[in-house]
Each structure stands twice: as structure tokens, then as C-alpha cells.
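For this one, chain E is given, so just place chain W on it according to the hints.
Note that the protein sequences, when read in sequence, are chains E and W. Going by the working numbering, the residue at position 68 of the first sequence is 114; the numbering climbs one at a time, nothing skipped. Going by the working numbering, the residue at position 357 of the second sequence is 401; the numbering climbs one at a time, nothing skipped.
These are computed hints drawn from the structure, not numbers from a lab. Incorrect hints may appear among the rest.
To be verified - Calculated cross-link-like contacts (lysine to aspartate or glutamate; reagent style DMTMM-like; alpha-carbon spacing at most 25 Å):
id, chain 1, residue 1, chain 2, residue 2
1, E, K428, W, E141
2, E, K388, W, D329
3, W, K124, E, D423
4, W, K124, E, D392
5, E, K388, W, E141
6, W, K175, E, D423
7, W, K124, E, D288
8, W, K124, E, D389
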Amino acid sequence: MNSHLPAAMHDKTLTELSAGLAAGAFSSEELTRVFLARIEQFNPGLNAFITVTAEAALAQARAADARRQRGEAGPLTGVPIAHKDIFCTNGVRTSCGSRMLDRFIAPYDATVVEKLNAAGVVMLGKTNMDEFAMGSSNETSFYGPVRNPWDLDAVPGGSSGGSAAAVAARLVPGATGTDTGGSIRQPAALCGITGLKPTYGRVSRWGMIAYASSLDQGGPMARTAEDCALLLGAMAGFDLRDSTSVDRPVPDYVALLDRPLAGLKIGLPKEYFGEGLDSEVARVVEAAIAEYRKLGAETVEISLPNSQLAVPAYYVIAPAECSSNLARFDGVRYGHRCENPKDLLDLYTRSRAEGFGAEVTRRILVGTFALSAGYYDAYYLKAQQIRRLISDDFRRAFEQVDVIAGPTSPTVAFNLGEKVDDPITMYLSDIYTIAVNLAGLPGLSLPVGFVGQRPVGLQLIGHYFAEDRLLNVAHRYQQVTDWHRRAPAAFA
Amino acid sequence: MMEWETVIGLEIHAQLATQSKIFSGASTAYGAEPNTQACAIDLGMPGVLPVLNREAARMAVMLGLAIGADVAQRSVFARKNYFYPDLPKGYQISQYELPVVQKGQLTIDLEDGSSKVIGITRAHLEEDAGKSLHEDFHGLSGIDLNRAGTPLLEIVSEPDLRSAKEAVAYMKKLHQMVVYLGICDGNMQEGSFRCDANISVRRKGDPKFGTRAEIKNLNSFRFVERAIEFEIERQIDLIEAGGKVVQETRLYDPDKGETRSMRGKEEANDYRYFPDPDLLPLVLDDEFIAAARASLPELPDAKKQRFMTQYGLSSYDAGVLTTSRELGDYYEATVAALGGEPKLCANWVMGDFAAFLNKENRDIAQSPVSAAQLAGLLRRIQDQTISGKIAKEVFEALWAGESDADAIIEKRGLKQITDTSAIEKVIDDVIAANPEQLAQYRAGKDKLFGFFVGQVMKLSKGKANPQQVNELLAEKLKG
Chain E
47 MNSHLPAAMH DKTLTELSAG LAAGAFSSEE LTRVFLARIE QFNPGLNAFI TVTAEAALAQ
107 ARAADARRQR GEAGPLTGVP IAHKDIFCTN GVRTSCGSRM LDRFIAPYDA TVVEKLNAAG
167 VVMLGKTNMD EFAMGSSNET SFYGPVRNPW DLDAVPGGSS GGSAAAVAAR LVPGATGTDT
227 GGSIRQPAAL CGITGLKPTY GRVSRWGMIA YASSLDQGGP MARTAEDCAL LLGAMAGFDL
287 RDSTSVDRPV PDYVALLDRP LAGLKIGLPK EYFGEGLDSE VARVVEAAIA EYRKLGAETV
347 EISLPNSQLA VPAYYVIAPA ECSSNLARFD GVRYGHRCEN PKDLLDLYTR SRAEGFGAEV
407 TRRILVGTFA LSAGYYDAYY LKAQQIRRLI SDDFRRAFEQ VDVIAGPTSP TVAFNLGEKV
467 DDPITMYLSD IYTIAVNLAG LPGLSLPVGF VGQRPVGLQL IGHYFAEDRL LNVAHRYQQV
527 TDWHRRAPAA FA
Chain W
45 MMEWETVIGL EIHAQLATQS KIFSGASTAY GAEPNTQACA IDLGMPGVLP VLNREAARMA
105 VMLGLAIGAD VAQRSVFARK NYFYPDLPKG YQISQYELPV VQKGQLTIDL EDGSSKVIGI
165 TRAHLEEDAG KSLHEDFHGL SGIDLNRAGT PLLEIVSEPD LRSAKEAVAY MKKLHQMVVY
225 LGICDGNMQE GSFRCDANIS VRRKGDPKFG TRAEIKNLNS FRFVERAIEF EIERQIDLIE
285 AGGKVVQETR LYDPDKGETR SMRGKEEAND YRYFPDPDLL PLVLDDEFIA AARASLPELP
345 DAKKQRFMTQ YGLSSYDAGV LTTSRELGDY YEATVAALGG EPKLCANWVM GDFAAFLNKE
405 NRDIAQSPVS AAQLAGLLRR IQDQTISGKI AKEVFEALWA GESDADAIIE KRGLKQITDT
465 SAIEKVIDDV IAANPEQLAQ YRAGKDKLFG FFVGQVMKLS KGKANPQQVN ELLAEKLKG
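Here chain E stands alone, though its shape is the one from the complex:
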């Protein structure tokens, strides 16, 4: 490693690294080597990466440096990132954390990957995740659990646990994640980083392996709102290949970060501060809200009366859609196929039994049941109607307030193994995040303190396409606090 490099390069934010590259303080190749070395050193203890693409990364880094020489560099040129292993990456294994796709080499790039490549990023590898994005602790992965860099006995959250841990441990300055019920925000909270789930339709789902099609969204995970603004600007945009993509211009999120918060109305749902919320977490969150008042925001108590229906509705809708989305994994065209199938039924049953883990199997069965004749009306249809009630709660709230705030997670990170045998308790980890996906609204989590060693996140929820507002509100807080700068001791 070169001695002229600034100390603790890995501790710089993505934005700082971008500036450093632009100023010529270091090259992308040097930067990439720093992070590849950290991955080599620390990943075995964290298991944050499933695939590391060292050679390809160095080639991309050299190409980025050449572009810079030619004066063709943008803010993301040469910046190392990692992709959650749910995004198809051409020629590189895309496993979705599952044995079913353990040897699947994607034949094309997801739109998110294409767009970030066009912006010049350097991909270091594919991060670990709960299998097929189903989980809240990254314990369902075929590749083993991911550990929380703040406490190696703790979970990092899920399903984007690998991306969250990699960013928190400074193995990569930014990463992509996906969020269906909280899978960007909850791991961001548990790992003390910043993560954003955009409005449904803001980021293309082409090439993002589907779990629950009406809920999935891809988004950025990094240490600061500023970093997320930079990444989101490259990730977002209309895509003809995704029929649910929204044709709406992408604002310059970075330029909109600094707007003052005076007069901002923050809604505090009473349902988010009641039973179920850990009292220590509540204390940290309330301190953060007090900080917002100091910044000039006004807080308003609001009610989202159908909140308690969100988790049950989600756990009908998401499994229903997943049962259909995962039907293509049948051992016929790609993916895991059992050995010596006797006949078609044997091919299907053994390939799928061997390829899928327990949580995925559970959700497929629940979803199949919820859609089946005689139960569709009582479950799936009813859940979709509840979804409308939940959306309406938010719509009414946003008539009074600009953003909604509350804890991202009811607890800090729990221990590995603590909730694996209790799916319902595990599902309740998403109690504050899930409604946001059901309504299709944008949501962000930023680090606002600790309980002991374990981070606490504050969730901000905005109106449709108000990502710029969420990033701005988070950024202003990060300008006057330093929770986002804290590093876990073992990875500082």
C-alpha cells in the first residue's frame, strides 16, 4: 500500500472519496486496492460478500482512471461500490443468497447496474443477503449469516445485511440494496448507516430478481445522506423495460441537500411510539427529534390508525406475489437441478426442495394458500383492500405534515440465532417499515445514536417522489451531528 495515501482512506465517505479522486489525491486503482485488501482481511469474519470480483474491479478502476485522464470523469467515476446479490450482473454469479442460483451466471446487467456502470463505478463484488430477499436478519442466506460489524454476535438486519455490514465495516463506501418491507432501512438502522428506499417506480426493477413485484424497490446504502444522494441520482430514472417504472425527471438530489429546515412539519405517528418499541430505542429517537426542533422543524402528533394491519397485510401480499415469482425456479432452464430426476414431478419437487431454504419455502406455501380458490377473497383481496386503507392514512397525514418520523426498528440489532425459530417475532422487526412499502412511499433511515454498542436508526417517510426532501432532512441533521461518522472499533 502506498504510504502517500491519506490515512484511513476507508473511513472517508463516498462523497469525500469522489472529491479526492477528482482532486487527483489518489487514483481509482489505488482506492480499489485499499478496499479489496480490507475485504480480504475482514470479510471472512463478517461474511458480507458472496462474490468478490477483484480482477474485474481493477480493470474497471484502470479504465476509470483513463477516463479521468481524458477529462471524461463524473462524480461517481472510479468510486468503488458493491451490489446486493439480487441485481443481475452480466457474466458474474448472481445468487440471490440461494442454493437455487448458486451457480447462476447472469446473462445481462440489471438497469441499476447498467446505470451505475455508465456513471463509472467500480464494482468490488456481490453482497450477501437473506435468501431471495426474505428475512430481517440475513440469517436465511445459503452462504451463511452476516455479522454486524458493531457486535459480531449480532445480526446486521436484512435482507440487505451484506451491503449494510460492508458499508459499516468500511469494506466499501457505498452499496446497492433492495427494500420490500424494510430491507434497506432496517439493516441500515441496525448497522448505523444511511439507506433510502425510493418511491415505488422511481428505480427500475429490470434485472432486480423479483420477490414481491408490487413492493420491491432498489436503493442506495452508504454512510451519509449526501452519499445516498449521489448514488440515487445515478440509479433513478424511467426505464421502458419496466412497465411499472415512472416517467418523471430525476432531480439533482445533491444540489437539493442544503435547503434549510425552518418551517418543516414533522409528523410523529402515535402508533410508532407505543407498545412494542424498546424504551432505550425510544429515548435515542426522541433525542434525535429534539435535534430537529433545534434545526427549526415543528413536530406534530399524527395518527396512522391502520398501522397494526400493515404486517398482517404484508405477510399475505408479499408471499402471494413471491409464490408466483419463484415458480420459474423449477430446475428446467437454469439454476439448481436435482440429480437423476425420475420424472417431471420428481424434477420439480426435488430441485425446489433442495434449492430453497426454509423461510422461502414457508413464504411460498403461505402465498400459494392465500391465492387459492376459496381463500383468495378472504386473504389476498382483503389484504389489498387494507393496503388502500394504509395508503389513505398516509395521504391524510401528508395533508398536515411534510415528513413523518419515527424509529426504523423497534429494537437494536438482536443476537444471531435469537429469532430464527420464531418467524412471527422476526416479522415484527419490520413493524415500522412495512407500511411504507405497502403505500409505495419513499423512506430513509439515518443513524441517530446507540443503545450500548448497537446503533439506532431514525426513519423518515416522505410523500411520493419526495426523495429529495428526505435526503435534505437527513443531511441537515448530519451536518450538526456525527453519529454517521462513528466507526465500529474493529473496523475503524
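Frame of chain E; chain W shown alone:
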């Protein structure tokens, strides 16, 4: 059979003639090497998403308008979930509760000359599955996904049909309609137009429908008729023997001429339909529908009626000439080029022209004789330059590639002889050469008139004007 009534409904799948598939850009062309026309979307690769082909929607609307149906300005795509290797995603994108077309009708003509209105419950868009090939591989099945994703329009009739003949008449009418509209090539051997039949029987007067059986994948008019007839008898025999008809899917075996149960393959499938979250509802504004309406061609029934009034043709002739748009257009172009004589044109187009096309298995587009050329030939019949019989020889020459009737007539010296004295001379020669027959004729054997006509035609190499021959011969034979 008198006490029994048959109730039949047909579900027809028409492949829409778009260039590319309903949800991807891969080609729909028939006959390519297996698995060369299936892109990532058709293969159901992880992460892919469907995008609707606008042309497929337009074609569906065309059919809806042509059958007087309600075209839904908002319809919804739904997933029909089941596992089979030729269905890559494990579900078929179709339409369920809210199809794009509802409540249309089609009028069919029955053999006794009457017509009957058949209701069409609905028509919806969906994607076709791939093909499973079982024969060519030992102990294995081959899956060709070229067909996966081809757009289909599923057209469901009301159970208004009461016999195999009615069913075939309906199927033919619908086939003609989709080809007329240009939305389907109607090629049944290639699977462009497939029929499933739902058949039940009930005692006459019974208001309830009997249990129905479904016969799948009938791909010719003949098979549909035979399969239905067999199935009707099977059901009646079964009930009369004390049994009950089972609601099931059956296949028609054309070699044995019977239907067989498919039970075991599609055991009570629960398709778990739900709206496809990857596609928005299909919203068609007034403009879209108006544009589709403006692009409708003259429909078969309207064209037929017009041919009857405009050209004075019989219902039968008008029906034949409007079987296809191409034939109707050819006929009208011939009449226009000739400047009249619709009946003469009709006879020739339905007669010699059609016969030559059929013999060589050609479409009209491949006809070596244009409407203008045919008109040129018919003009020479009209103005008596040649006889109808000679015209056939000229037509053959035109078909073989010679350019126009006048040139052929000139070159081969085929002009009709109309000069009275010339004809008289021939008649005189014939009479002189056949004294016996003359005597017999004058003695009362009237039948021999035909013999003399034949001889005159032979001697004049067919060129003597037949009318004049008849008149002059009658004179001369009288003596």
C-alpha cells in the same frame, strides 16, 4: 336422438399477427430452429419484466369492434399459475376478471338458409406457451420455447351452439373474420387458430345445462365436426346406460375418430389468478379506439350484402366471392376493368380462376393472371370475338405466362367466325359429308342436331360462333 339437445360453446385461440411477441421484442415468425426466437423475457430468466406490445392491443380492439362488443377502456392482466416445462415463468400472463372485450356476437348461416346469432361472451389477450415435443427424443421431452410469448386472443362463445354443424359454421365465420381483419393469418396447420369445444347434452325441455366435457386443441374444421359428433353420441350413450358425464378434459384422436379422457394431466387445477403486478391496467382512450374503428375494413357480411345489391349477384355467389378480402378485391377489380358484366365476371372468378388457383395451391397474391388481364379476356367474350369455350384456351395461355388475351387470340388465330357465308360454307360441307345422318334427321331423329353442331365446330376448329351455327344449321337441315 329426438329427445336430446346438445349445448356447445367454443373457446378459440387466435394467434395475433404481430411482428414480435406480446411482452417481448422477440420475433413471432413460424418455423425457426428451436429456441432461437426466445429472448430472456420469453425464457423467464430471473429479473426480467414484461412490456405490452401495443399492436396486440390494437388487434384485440379491432376484433371487439367487428363483433359489436363492448371494448373495455380499462382491462387488467392476470397471472394464471401452473407448472409445466413449456411455461417458463410457471405462470401465463392472461386476463381474468376484466378482459379487453366483452359481449359481442357473430351471425352464422345455417344449411337451411336461415341465420342464427351466436353470442360471444368475451375475448381476452394472453401469451402462448412453448411447445413440448415427445416423439423425437428417447425417454425425454424436448421443449421449444420459440412459441412462448406469442400473442393470443382467446375468444369465448356463449353456449349458444346446438349442433356440430353450427359449431363448424361459427368457427368458419370467426376464422374468416380474423383473417379479414388482418389480425390472424388463420393457418390452422401452423397452430394460428385453435379450438377447444365444451359439449354437454340435456333432455329436450330441461332448463338446466348438463355436465360438460371439454375437448382440447382441435385444429381443423373437419376434426371439430367429427369430435363433437362423437362426443355427443358418447355422452348420450353414457347417460342412457345409467352413467353420468364427468366434467373433464378430453383429446380427440383423429385416427381412431374418438375422444379420450386426459384426466391425470390437468387434475382440478387451481390457477390462483391474481392481477399481474408487473403490468399496469391496459387503459385505452377514445382516440385509440376511434383509430382502430377507422381502420376496420369492410366486413364480410357487409361486403356480401353490397355485392348482392351492387352487382345483382345471388346470395350464394356473393358469399363465395367474399370468402376472403383478396378474392372480393380481385372480383371487383375485374368488373371495374371490364366496365360491367358482373355475372360473367363472377362465373369466371368462381370457376376457372378459382380452379386454377386450387390446383396449384396458390394464394390470389401469387396468381399469374391479374384482374386486368382477366378483364381483357372477358371483354373478348363480351364482344363476341371469341366463344366461351375458346376463352378457356386463352385463359390457360394467360396462366402460363402469356401477356394478354388479344395477343394470344391473334397469334393462335382464335377469332370466332361470325361471317355468315363462311359458316354456311362449313355447314354445307358437313351436310354433304354426312348424308345418312341428314336423312335420319329429316326423318325425325332430332337428337342428331347435336351431332351436326359438333361436326361444324370440329371443322371450324371451334371458332364458329355457336349461336349463328345453331340458327343457320337449323335452317339448312330443314331443307
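Hint-by-hint comparison with the structure:
1. K428(E) to E141(W): With Cα atoms ~17 Å apart, K428(E) and E141(W) stay inside 25 Å; holds.
2. K388(E) to D329(W): violated, 52 Å
3. K124(W) to D423(E): Measuring from Cα to Cα gives roughly 16 Å; hence the hint holds.
4. K124(W) to D392(E): Holds: K124(W) and D392(E) sit about 23 Å apart, inside 25 Å.
5. K388(E) to E141(W): violated, 38 Å
6. K175(W) to D423(E): Roughly 34 Å between the alpha carbons, so the hint for K175(W) and D423(E) is violated.
7. K124(W) to D288(E): Since the Cα atoms of K124(W) and D288(E) sit roughly 20 Å apart, the hinted pair holds (cutoff 25 Å).
8. K124(W) to D389(E): Holds, at roughly 24 Å.
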